[in-house]
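Asks: If you want the building blocks of each chain, they are given just below.
Number of protein chains: 2
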Amino acid sequence: MASSLDQLTEALRRLPGVGVKSAQRMAYHLLQHDRGGAQQLARALEGAVATVRHCARCHTFTEAEVCSTCLDPARERRQLCVVETPADQAAVERSGSYHGLYFVLMGRLSPLDGIGVRDIGLAALLERATDGEVQELIVATNFTAEGEATAHVIAQALKGRGVTVTRLARGVPVGSELEYVDLGTIAHALSDRR
Amino acid sequence: MASSLDQLTEALRRLPGVGVKSAQRMAYHLLQHDRGGAQQLARALEGAVATVRHCARCHTFTEAEVCSTCLDPARERRQLCVVETPADQAAVERSGSYHGLYFVLMGRLSPLDGIGVRDIGLAALLERATDGEVQELIVATNFTAEGEATAHVIAQALKGRGVTVTRLARGVPVGSELEYVDLGTIAHALSDRR
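Quick mapping for you: the protein sequence lines, in order, are chains V and D.
When the letters of the first sequence are read in order and numbered with the numbering used here, they come out as residues 1 to 194.
When the letters of the second sequence are read in order and numbered with the numbering used here, they come out as residues 195 to 388.
Just so you know, the hints here were simulated from the structure itself, not pulled from any lab data.
This list has only true hints and no planted wrong ones.
Calculated Cβ distances over 12 angstroms to all of chain V for the following chain D residues:
#, residue
1, Ala250
2, Arg269
3, Glu270
4, Arg272
5, Ala317
6, His346
7, Gly356
8, Val375
9, Ile380
10, Arg387
Footprint (simulated), chain V over chain D, 3 or more residues, beta carbon under 8 angstroms:
#, region
11, 220 to 234
12, 275 to 288
Every residue, glycine too, gets a C-beta built ideally from N, C-alpha and C.
One chain only, chain V, in its complex shape:
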């Protein structure tokens, strides 16, 4: 086994969800069938590391000082939606029913992984949320244990700061049959009925 092949396999293992076998398969595939793809990936990695940084206002990935969403004059500046990742932000955007601004935590509280309040930039969020412009903070962290804990901490921190803190509604997903919905969701949908 060649040493630069080993190095490539080792480097591919740093990708999330890639183990020894997958890394080997990826390395073989690139070298045997797609050397152009390997070079393209190398260039894309170098390019992204050199240019991608965080938006100074919402913390999402951008190549500019402030991202295009934050600069968009058509967005409602009184609403701020807090999400965990850029992927979550994209999901909210695709729903087409939100036109305010965002704050991307780039993570969530996860004491087991050593991710505390400081790591998710809560201080920056507080500063952003209390700049006088924001009236409603919509917490759209995931409905997992960690996402709920993060939502709780955010709500506590903003108590009495003159900002309304709301949370995405919990309930039965559109298109689903009650028979197959889990009990916790049904309990929430009952108590939050309207």
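Given the coordinates of chain V, work out where chain D should sit on it, guided by the hints.
Replies: Below, chain D without anything else, positioned relative to chain V:
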């Protein structure tokens, strides 16, 4: 979404088994938590593309003209084991019970994918197998439909060339209980009993 982030996601999708969501997750992870890993991967890709080539004798990946296995004077030169990939070669090596040389097809016959006799370097294998030194060709392609077809073509091509062509034994795997072994395997184990 930044354009060099999109380019990175697009490039990551060229890895086998990586779809849109995984590529996005990989890109976010590298940019948020492991920029060093991203640079290491970029360097490893460049390095491997520049230096890794095929061994002139056995076709496996190597950085030299001829790989270290082919050059090893301790190997039995009268036996040649034909495998589909370097990973298969590594598996045979790990078994510790083969001390001959190898020929790595770097693929298998797969008419549905447009991979024919020419693509798996059958001509090079024939030349290698009939160089006067090789007395036994052990066909260790996979026991899949494609691997079996490849084995068949190799056996046909070497008929009457003065080389004994053998195939890995089919049978019940070590450590398995008959009750859970598939019927085809049991049928083979019965007919090949010793």
